[in-house]
Structure formats: C-alpha cells, structure tokens
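Engineer: Chain A is already provided as a structure; the job is to place chains B and C on it using the hints.
Here's the letter readout for the chains.
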Amino acid sequence: MSERKKTNIILFSGDYDKVMAAYIIANGAAAYDHDVTIFHTFWGLNTLRKDEKLQPKKSFMEKMFAKMMPRGAENMPLSKMQFLGMGPKMIKKVMKKHNAMPVSDLVDLAKEQDIKLLACTMTMDLLGLKKEELMDDIEYGGVAAYIADGEDGAINLFI
Amino acid sequence: MSERKKTNIILFSGDYDKVMAAYIIANGAAAYDHDVTIFHTFWGLNTLRKDEKLQPKKSFMEKMFAKMMPRGAENMPLSKMQFLGMGPKMIKKVMKKHNAMPVSDLVDLAKEQDIKLLACTMTMDLLGLKKEELMDDIEYGGVAAYIADGEDGAINLFI
Amino acid sequence: MSERKKTNIILFSGDYDKVMAAYIIANGAAAYDHDVTIFHTFWGLNTLRKDEKLQPKKSFMEKMFAKMMPRGAENMPLSKMQFLGMGPKMIKKVMKKHNAMPVSDLVDLAKEQDIKLLACTMTMDLLGLKKEELMDDIEYGGVAAYIADGEDGAINLFI
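Residue numbers (the numbering used here), protein chains in the order written: chain A, 123 to 281; chain B, 123 to 281; chain C, 123 to 281.
Same chains, same label: a pair holds when it works inside one copy or across any pair of copies.
With a Cα cut of at most 20 Å, we get these calculated SDA-like pairs of lysine to any residue: (1) 128 <-> 154; (2) 215 <-> 188; (3) 252 <-> 184; (4) 214 <-> 188; (5) 127 <-> 274; (6) 214 <-> 184.
It is worth saying that the hints were derived from the structure and are not from the lab.
Bound conformation, chain A alone:
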C-alpha cells in the first residue's frame, strides 16, 4: 500500500467558481504529494466535455440535455453574481489581470500532475453523455470506484 496521502473530490457542481475551487484544491494537494482523484458526477461532468459540437445518436431528451449543458468549464455560469450573464466574463477578466489560471488551464495542469479525472458512468447514462463527447485521457467508474478511493482519503470533499 502506498504511503502517499489521498485527496478525493466529488465534483457534482457545474458552476465555474466551484469547479475552479475544486481544481485549485486538487492541484494544491497534488503539489503536496497527495494521490488525487476528481470524481465528476452530475453537472460536474460538463467540465470534461469537449468544446466541439458532436452529434452522437441520442434520444430527444438526451439531445435537450446536451443542448442546455455547457461544453467545458469555460462555458459555465457562476454559482453567484451572474450579473445578467456578465459574471463569468467579469471573473475571467479579473483572473487574467491577476495572472490566475482559467479553469481549462487548471484541468491541463491536473493532467500533468497525474490527477485521476474520473467520469461517473451512472450520470453519463442519465444525462445521455457519450464517451466520444468527453476528453480522451480520463477514467470511468461508478460509486464503487469512489468508495474504494474515498475510504482511504485524508481529504474527502463534495463540491
């Protein structure tokens, strides 16, 4: 058994600011030599969507979900302070000014740091998301995969 500490984050939210928080904590933990897993479920799955319009075979309901849900973190709303839709743009402008990384860069950094990005297969089914719509270098699993990681976690969070 590895002596490295584990950080496991369930990323349920699809809000830009919460996804940002999740990836900052994950990257921070990895920098401190934790084995880190981000388990993307429900709206958090949208973080892993490719920013391309793909047309896999879908039911009407699945098409509707696909249309309404953002493709990738950079298209997500904020959890607060939407300012009639201006919120995400404002935050990104301030982030740029402060040389803070946009979420898409935090995701790339996570991959470089060998953070395990896991997509919840059960919610993929539910929301009609296909593997071809998600990033290539990720893993797949269900609640069993989470419990296996989580029960040894030094830091477990639901975001």
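Structural biologist: Chains B and C in isolation, oriented as in the chain A frame:
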C-alpha cells in the same frame, strides 16, 4: 469499538439531484460494509417529510415554511436545469428509462441497509417541523450527535 | 504533535443558511475539543467583511464586486426560499423566537473558542477585497495552508 468504516453525510440541500447523489453514495458505502449515517439538516430535512397534508398546531411563520417546503424528495426541484419547472419531470423520465431508482426508493433501500437517518432537531425547531410530519423510523439529534459520528468517519461529506 | 482532533471547513458559500451551518458545526466541534479552522474562500469571504463602507483604492471591476457583495453574514441572502427577499428576515425572526444565535454571534463565539478564521488570499486578490475591509483578528493563507490542516483532519467539509 467496531472495526467497520464509517461514512457520515450531512444532507443540507433540498434539491432532488443532490439528495439523489447523497443517497447513492450512502447506499454504495453501506454495500461496502460501512456504517452509514445521513444527518438531515435545513432543506435536507424535507427528504424525511411524509407526503401527507398534516395540520399540526403551528405559528403563522411555521405554516408558511411548511407550505413552501416540499413534502418528500419526489416533490423537490433540481439544483440546475429547472427548465421552467420541467427539469425534475425530465430527470425522472430519463431515470425510469434507464431503470434508475427514484429517490423515494433510494430512501427505502437505505432503511433496508440499516443506514441511520437522523433529523437535526435544531433545524426542525427553526423551520417548525414536527415529529409527526416526518417518517416514523428515523432518529433525532443535534450537532453533538454529528461530531460524535463524524470524528471517526472514513468518509465525511457535506452535501 | 497535538493529540486533539482537527475539524477543517472550507467555507465557499456566501448564503446565510450555509454560513450558519458551517459556524454551528465549527462551534460544536470546538466544544468537543477539536482544533477547528474555517477557511473562507470565494463568497464565504463576505462573512469576514466589516459592516462599514470603506473606500480603499480599487479598480472599477473591484468596486463593482465590492458593491454587489454583502458586508458580513447578516446581510447575506438565503440559498433557498428567498420569498422575494423576505427569506432572511423570516429566518432571523424565527431564530430570535427560538433563541437561536444569529450568525454574527456565532462568529463571535467562534473567536472566543479560538477557532482559526482564515481568509483565502488568492480569492481576496480576485474579488479585490483588502485586509482593511475584513475583521481584524483573522489569519491569511492560500491552498497550501488548507492542505496542511486538511490532511490531518478528522472532519473535513466543503460548504
């Protein structure tokens, strides 16, 4: 002291999708032989409400809360994608198609798996919820009950 | 190394009810002899804002954020049940009736119990919050400070 691992979930949210996530994790952990407690507080308490119109003696404010809050998970909104109120119906339709359990069944399964369902007495007071409005086979406690369970938890989550 | 158990709460939310839950758990854990830290980030930072109109030098965007964000917990909205803005007032009225502490008192109690109140410097930069706008007796840190506390935590929560 038992050697079984513990999972403790604080269920604060009263959104259908978050309650579903909480109960899926809880049932998963129980399947992996964890002792599991779900501590229902604030809007999460609505999961435990009976779907009957009861008329216990209440103050005006308590009546107003009672009227506005859903009775049971199946009457809850989604945290996202409300689609003018169609969201919960859509999710349930897709869930049915995929043979996924509705939350009310997940609650029944939790009881069968001996998951401890605990109602936060402090918030019950605050929102004016009476014991007769909640399910029969649950337990009651305050923050002390949570800390006692939580401090030995392998997995602790706030949802 | 201390033998006391640790509770670490990341307070991301700026909703009155969630901040209340965070401070009730924190004060409960401290009463049970835990070393407790609340790491205030994003909208949770508003809990630590002084209820005074200060005019530090700010950019236009920073001024806009400052204007839109509540100064202190007592000016926060609820996460649910806004009732056209009446929600927070209603909750506070019921709390008073039940002799429950308002959040501002829970913050004072936390200080008395030596709970470490930490402000996330990265988000302060992002939202343009200056130290002079925050309470005096708090600490400052980034994600490294959180990981250091969190990896030894008995109870770790993201609220």
